[in-house]
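Novice: Sequence:
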Amino acid sequence: MEIITKRFLLRDFLQEDELAFLTYHADSRYAAFCSPEEVMPDFTHQLFQRFIHWTIEVPRHNYQLAIVDRRNCELVGCAGLRQDGYAAEQAELGIELAPQYWGRYAYAIEVGKALIDFGFRDLGLKEILGISMSANLRISRLAKRYGFQAIGIQAGSDWMRMRGWSQIEWQLTRESWQHLFPL
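Residue numbers 2 to 184, in our numbering, belong to the letters of the sequence shown in order.
Hints may contain errors.
PhoX-like mimics (lysine-lysine), calculated; alpha carbons at most 25 Å apart, straight line [unchecked claim]:
{"#": "1", "residue 1": "Lys-127", "residue 2": "Lys-114"}
{"#": "2", "residue 1": "Lys-114", "residue 2": "Lys-7"}
{"#": "3", "residue 1": "Lys-127", "residue 2": "Lys-145"}
{"#": "4", "residue 1": "Lys-145", "residue 2": "Lys-114"}
{"#": "5", "residue 1": "Lys-145", "residue 2": "Lys-7"}
No wet-lab data here; the hints were simulated from the structure.
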């Protein structure tokens, strides 16, 4: 599975991506937006193995793709559309960049647009959902840029509440996407 953008190759994870994946997940800047469990090496390893397993799903319902810089083949993050637990024409969008790429050169904008196009055009989705935390203002700005609407605010898990954060639920319909970015 591959999606090519101007600067990136979004592709299925390969086992050799694991070290770079584990490295950016261990970065303290990345950990600031994670639960204590999510930054443990065992958790990150199991998560990576889940992404590898999804590459052989039949039928495929989950796409968690490595974001690779086409110039130097470096792993800069991952992004995905996950349908498990959702209705047939829905998926959850997730984008994460290694901290050294945060806020740089519209990386997340380019990757997100390609993945949303893929979801609506190729997967036939009617709705893409997202979840973010209130403290992650970059993700909130990105969601609004794409036309996502905030549809709910939840208290979030204990570790989020202890920091005074909440969880924001986002929704993007195919119609609103086509209005902004014709397929």
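Novice: Are Lys-127 and Lys-114 close enough, with their CA atoms no more than 25 Å apart?
Specialist: holds, 16 Å
Novice: Does Lys-7 sit within 25 Å of Lys-114, going by the straight-line distance between their CA atoms?
Specialist: With a Cα-Cα distance of about 12 Å, the restraint between Lys-114 and Lys-7 holds, given a limit of 25 Å.
Novice: Decide if the proposed pair is consistent with the structure: Lys-145 and Lys-7, CA atoms, cutoff 25 Å inclusive.
Specialist: Measuring from Cα to Cα gives roughly 22 Å; hence the hint holds.
Novice: For the pair supplied as a hint, Lys-145 and Lys-114, confirm whether the alpha-carbon distance does not exceed 25 Å.
Specialist: Measuring from Cα to Cα gives roughly 13 Å; hence the hint holds.
Novice: Decide if the proposed pair is consistent with the structure: Lys-127 and Lys-145, CA atoms, cutoff 25 Å inclusive.
Specialist: Status holds; Cα separation ~18 Å.
When held up to the earlier numbered hints, the structure conflicts with none and fits them all.
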